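Asks: If you read the sequences in order, they're chains A and B.
Going by my numbering, the first sequence opens with residue 1, and the numbers climb by one from there.
Going by my numbering, the second sequence opens with residue 1, and the numbers climb by one from there.
FYI, nobody ran anything at the bench for these hints, they're computed from the structure.
Bear in mind that the values here come from a model prediction, so they are computed numbers and not experimental data.
For each residue, glycine too, the CB sits at the ideal point set by N, CA and C.
It is possible that part of the hints are untrue.
Said to hold, decoys possible - Label pairs and their computed distance ranges (CB to CB): (1) B:Pro32 x A:Ser263: 36 to 42 Å; (2) A:Asp266 x B:Ala105: 43 to 49 Å; (3) A:Ala245 x B:Glu19: 31 to 37 Å; (4) B:Gly28 x A:Ser72: 58 to 64 Å; (5) A:Glu73 x B:Gln35: 23 to 29 Å; (6) A:Leu214 x B:Arg58: 26 to 32 Å; (7) A:Asp266 x B:Gln35: 37 to 43 Å; (8) B:Ala92 x A:Gly254: 51 to 57 Å; (9) A:Val230 x B:Phe23: 41 to 47 Å; (10) A:Glu183 x B:Pro94: 37 to 43 Å; (11) A:Lys90 x B:Gly33: 38 to 44 Å; (12) B:Glu84 x A:Pro69: 58 to 64 Å; (13) B:Glu111 x A:Pro167: 29 to 35 Å.
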Amino acid sequence: MTTAPAIEIHALAKHYGKVEALRGLDLRIPQGSLAGLVGLNGAGKTTTLRLLLGLARPSAGHASIFGLPCHSESDSVQIRRRTAALPEQKALFPYMTIAQVLQFTRGFYPHWRDALAQRLLDDFELDPKRKPCSLSKGQLTKLHLVLCLARGADLLLLDEPTDGLDPVATEIALQAMVSLVAESGATILLCSHRLNEIEQVADHLCFIHKGRALLDESLDDLKARARRLVLVFDHPNPAAEAALARHGRFRRDGRSVSLTLFSQNDEVEAEARSLGAVSVQSTPLNLHDLFLEMVKS
Amino acid sequence: MIFSLNPNSGIPIYLQLMEQIRFGVETGALRPGDQLPGIRRLAESVVMNPNTVAKAYRELEHEGLVELRQGSGAFVSTKIDTGELAGRMKKAKPLVKHTVQRLLALGLTEEEVRRLVEAELRGHHAPNPPEPSK
């Protein structure tokens with residue numbers, strides 16, 4: 001086993017004509033982590049996954065998986081052997097049953113996990129005798145999840161894996177991801193707009209904005225440093241407000257002001273008091289609040 | 001032991017887990033020598049990241065509340081004195097009860113009491129209670 005990070009991306013850029021999808025992206029995802037990849041539509045998430053999978057060539061910069069360069073042809077078999085991804089197009093052979101699709105797929109992968117595939121099939125209540133073309137969109141997503149999770153891969157790149165799944169199926173899918181990380185030390189990159197799911201299972205967070213990484217760190221560390229202070233002043237105090245606004249995003253509503261901080265804030269709380277705040281309340285930010293604040297600031 | 005974690009509260013999940021294990025020991029739901037669920041089993045049953053469970057166990061080991069035994073898992077430490085702990089909690093209870101009753105009698109709401117206690121714990125002066133809205 002190598003000790004290289006599961007994913008390492010340095011100054012990665014990708015242009016599609018005049019559109020700059022990525023402009024100097026840096027990311028480092030340690031092995032064994034379940035990392036959430038979040039960002040607005042068009043931030044560069046899918047482009048990042050495509051470059052990692054070697055489906056597109058970078059305009060500049062470098063990406064590697066387990067220390068192997070992603071756009072090297074000689075390493076691509078090795079990378080593919082260890083990496084699984086959900087396909088962008090969910091088409092499958094229309095004449096095969098689910099059982100046949102599984103039987104066909106497992107032949108390609110030496111580490112295929114029969115027991116896991118069977119368990120997921122049961123949990124998702126997919127009937128092996130049915131054909132994929134007769135499945136609903138959600139059921140098709142479930143089948144692709146089975147095919148991806150049971151491959152025995154060391155790295156899984158999952159783009160919106162729970163899109164269209166009901167809450168029960170979502171929980172089954174998240175539980176399967178957690179199990180893979182716990183039992184086989186797999187690394188998962190989970191790209192999703194469902195921030196509550198990421199918050200539930202991820203230990204690492206990557207936030208991409210306009211083709212660059214704004215955040216790439218432990219989710220616990222991020223939550224420990226991000227807070228919102230709500231301050232109350234008896235009288236309007238523009239000087240105090242100006243002083244506080246240096247520390248983070250500042251908003252006023254009547255006598256209260258809120259200040260969003262992305263760093264340790266004990267000193268800021270003390271400063272607010274010394275500037276005459278009669279009340280200082282500090283509340284943690286969840287991922288949803290954090291996301292909105294990051295985009296606005 | 002049943003854990004009830006809220007991943008979307010903004011409080012890191014490992015801190016919530018640590019708090020609930022501590023609470024479990026204080027209430028007697030967990031006793032010295034009890035085995036805690038394995039990292040993998042707990043991660044799967046509450047659907048959370050196994051590294052987060054491991055982090056909570058490590059921190060609790062550091063505090064002396066939990067013993068991690070190589071190969072056999074995590075146990076509530078046999079060295080902690082739950083009698084003393086329970087005794088302290090028992091002594092504190094009537095004090096808190098009395099104070100809370102008086103505050104409620106003064107017309108404060110539960111939320112106001114909670115905020116006063118929290119502000120006091122942070123070592124700060126409590127804010128002036130807002131005018132009752134109703």
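Asks: Confirm or reject each hint.
Replies: Checked hints:
Separated by about 40 Å at the C-beta atoms, Pro32 (chain B) and Ser263 (chain A) satisfy the suggested range of 36 to 42 Å. A hinted range of 43 to 49 Å is violated for the C-beta pair Asp266 (chain A) and Ala105 (chain B), which are about 35 Å apart. Range check, Ala245 (chain A) to Glu19 (chain B): Cβ separation about 34 Å, and the 31 to 37 Å hint holds. For Gly28 (chain B) and Ser72 (chain A), the Cβ-Cβ distance of about 59 Å falls inside the hinted range of 58 to 64 Å, so the restraint holds.
Between Glu73 (chain A) and Gln35 (chain B) the C-beta distance comes to about 51 Å, which lies outside the given range of 23 to 29 Å. One distance hint, 26 to 32 Å for the beta-carbon pair Leu214 (chain A) and Arg58 (chain B), holds here, with the actual separation near 29 Å. As the Cβ distance of Asp266 (chain A) to Gln35 (chain B) is approximately 38 Å, the hint placing it in 37 to 43 Å holds. As the Cβ distance of Ala92 (chain B) to Gly254 (chain A) is approximately 38 Å, the hint placing it in 51 to 57 Å is violated.
A hinted range of 41 to 47 Å for the beta carbons of Val230 (chain A) and Phe23 (chain B) is inconsistent with their spacing of about 28 Å. Range check, Glu183 (chain A) to Pro94 (chain B): about 48 Å between beta-carbon atoms, so the 37 to 43 Å window is missed. Under the hint 38 to 44 Å, the C-beta atoms of Lys90 (chain A) and Gly33 (chain B), about 51 Å apart, miss the expected range. A hinted range of 58 to 64 Å holds for the C-beta pair Glu84 (chain B) and Pro69 (chain A), which are about 59 Å apart.
Our hint of 29 to 35 Å for Glu111 (chain B) and Pro167 (chain A) holds, since their Cβ atoms are close to 31 Å apart.
Checked against the numbered hints listed earlier, the structure breaks hints 2, 5, 8, 9, 10 and 11; every other hint is satisfied.
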